[in-house]
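full-length UniProt numbering puts the first residue of the sequence shown at 1, with every later residue one more than the last.
Fair warning: there could be bad hints in the mix.
Below 30 Å or equal to it, Euclidean Cα-Cα: the simulated DSBU-like pairs (lysine-lysine) are [stated by the list, open to error]: (1) Lys-51 to Lys-21; (2) Lys-51 to Lys-19; (3) Lys-32 to Lys-109; (4) Lys-19 to Lys-109; (5) Lys-51 to Lys-32; (6) Lys-51 to Lys-109; (7) Lys-19 to Lys-32.
By construction, these hints were calculated from the structure, which means they are not laboratory data.
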Amino acid sequence: YLAKLSSVGSISEEETCEKLKGLIQRQVQMCKRNLEVMDSVRRGAQLAIEKCQYQFRNRRWNCSTLDTLPVFGKVVTQGTREAAFVYAISSAGVAFAVARACSSGELEKCGCDRTMHGVSPQGFQWSGC
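Sequences and hints are given; from them, build the entire structure.
Right, here's the structure in full:
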């Protein structure tokens, strides 16, 4: 449901967390504790829907969303390949959006590990904050 919140401009108040459909109490509490991150989470969820719909665009089930159902409907309650893909793409979308917001300085609660620097044994170049 979070991805479909175009009517809510920003998730900046705790009351908004309580009004979000589909969240269990533990998720509502997490939302309240991390208000700053929630807009990025929403962007990531929206990105996941877009990518899912693109990947399945020519299939019978095409990641369609309905306002009256959880985002992807009943498909996520079944142990199917589609359900696995939905969970994976959703996790990736949210992680990507939060990491991007963090690295661009949009979020104050995150930063980078200043102990990592130089080149790793695999050749990865660590770079700055």
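The hints, checked one at a time:
1. Of the supplied pair hints, the one linking Lys-51 and Lys-21 holds, its CA atoms being roughly 22 Å apart against a limit of 30 Å.
2. For the hint linking Lys-51 to Lys-19, the alpha-carbon distance of about 26 Å falls within 30 Å, and the restraint holds.
3. For the hint pairing Lys-32 with Lys-109, the CA-to-CA distance comes to about 14 Å; that is within 30 Å, so the pair holds.
4. For the hint pairing Lys-19 with Lys-109, the CA-to-CA distance comes to about 24 Å; that is within 30 Å, so the pair holds.
5. A threshold of 30 Å between alpha carbons decides the hint, and for Lys-51 with Lys-32 the separation of about 28 Å falls inside it, so the pair holds.
6. Of the pairs offered as hints, the one joining Lys-51 and Lys-109 holds, with about 28 Å between alpha carbons and a cut-off of 30 Å not exceeded.
7. This hinted pair checks out: Lys-19 and Lys-32 have alpha carbons roughly 11 Å apart, not beyond 30 Å.
The structure meets every hint from the earlier list without exception.
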